[in-house]
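Peer 1: Sequence:
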Amino acid sequence: DVNLAYKDDKFTAQLLSAYLSSDSFSALAPRSAEADAYTNKNYNLKLGYMFDENNQLSLSYNRIKTETEYDSTYPTLNPNDSETSSDSDQTNIALTYTFHLENYTATLNASQGQYERGYPYGKYEADLKEYSLINAYKYNNGKVILGLEYKDIDGNPGEAYTNKAIFLSNVYNINEHTLLESNLRYDDFNNFTNKTTYKLGIKHSPDLFDDLTVTANYSTAYDAPSAYQIANVATALGTTQLKPAFTKGYDLSIEYKKLLKLTYFNNKVEDSFDYYSDWDQDYLDGDGYYNAPGTSKFSGLEVESILPLNEIFTLTTNYTHLIKYEKDDGLKFDKRAKDTLNLMLNAYTDNKTYYGINAHYIGDRKEFGNSTGNYTLWNLNFGTNIMEDVDVSIHAKNIFDKDYQSVYGYATEGRSFYANLKYSF
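First residue of the sequence shown: 1, per the numbering used here; consecutive thereafter.
Derived by calculation from the structure, the hints in this document are not laboratory data. Mixed in with the good hints there might be a few duds.
Unchecked claim - Below are the BS3-like pairs computed for lysine-lysine, each with C-alpha atoms no more than 27 Å apart in a straight line:
1. Lys129 / Lys195
2. Lys261 / Lys338
3. Lys46 / Lys422
4. Lys143 / Lys199
5. Lys199 / Lys243
6. Lys41 / Lys397
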């Protein structure tokens, strides 16, 4: 990796370049089968110019090119396939102008993304253009935002669509203990039904318990399919066109400082997106995305905690338990873990050195009727400043070399080590 940056009173510039080439491991299980190599080239340029204290212009450019070997699944699973490969080329460019005057800020953004993926059985291309104008005004007790958005999505193969939207958001401090948030949005599509969505939320800290915070939100959302989803519909199920998914739900949270936060969420989704694949059939013949009929239900409990053990050690924990993740017919969604737990123990011995160990647990999870869950991964991290302007970090992943599958039938990385050296001048 190479990262060069420059900054003065008016001008900022940053150039990042990264190159990764790996023999890797087998795409299909077992991991020890014929290795499938991977190459990634990444270029990123950011420029900024401040005309004066009220006007600023920034430009960003990013390009990512990849070459990937993988294994064929037709007519049978072949982890020793040495012929099949794919490539991708992604380019993103964005121009942003910001105007600021006292309590008012306006941000005008224009961006374009071009995406290409090549496979033995065909080519996927997409072009995404986005424009937005965001107006924000701070007043005595809060902040109001008025936004305009326009998206033009063109996928090949697939169908193109445009999306025009307007939204209004307001955050109002009723008093020093209570905050009220309200959002209203209208989406206009040329290819889908138009929709109005909203969100209402309240955050309150009781007078007698300033360190305790209670939050409640009720919201609706309208999610249009991506260009890639449109280009890959499940024709085997008779799907010819996807439609947006509509979500309505609520969440309730209670938090004490950052030591402990409990959240319950409950969502109902009409026409939820799902992926169909039949491993017993030709994967080219009809696999893809579809709208799950009826109303899908998702609910669960989240627990978060940041606990300083002493001046050196901090324990961070987050846990998610899914109570419901089922379709309208009662069948559970694939690829959802019933329980997910992350534990991170970090030690900062001084301003220059840190140590860390983290564990990632996945509970019951199924795909195509096969278990892909019930495993724990352990990782180690270390970083220090070895001399002036020189930093080094070392990362060890999956230190116990656990053999697991996050996607059914596909291999995952075994024990691996990474080192980063950073020099600043």
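Peer 1: Confirm or reject each hint.
Peer 2: Evaluated hints:
1. Using a Cα cut-off of 27 Å, the hinted pair Lys129 and Lys195 holds, with the two alpha carbons roughly 21 Å apart.
2. For the hint linking Lys261 to Lys338, the alpha-carbon distance of about 20 Å falls within 27 Å, and the restraint holds.
3. Of the pairs offered as hints, the one joining Lys46 and Lys422 holds, with about 20 Å between alpha carbons and a cut-off of 27 Å not exceeded.
4. As the CA atoms of Lys143 and Lys199 are separated by approximately 16 Å, the hinted pair is consistent with the 27 Å bound.
5. Proximity of Lys199 to Lys243 is assessed by CA-CA distance (about 22 Å); at most 27 Å being required, the pair is judged to hold.
6. Only pairs whose Cα atoms come within 27 Å are accepted, and Lys41 paired with Lys397 is accepted, the gap being roughly 23 Å.
Against the hints set out earlier in the document, no violation occurs for any number.
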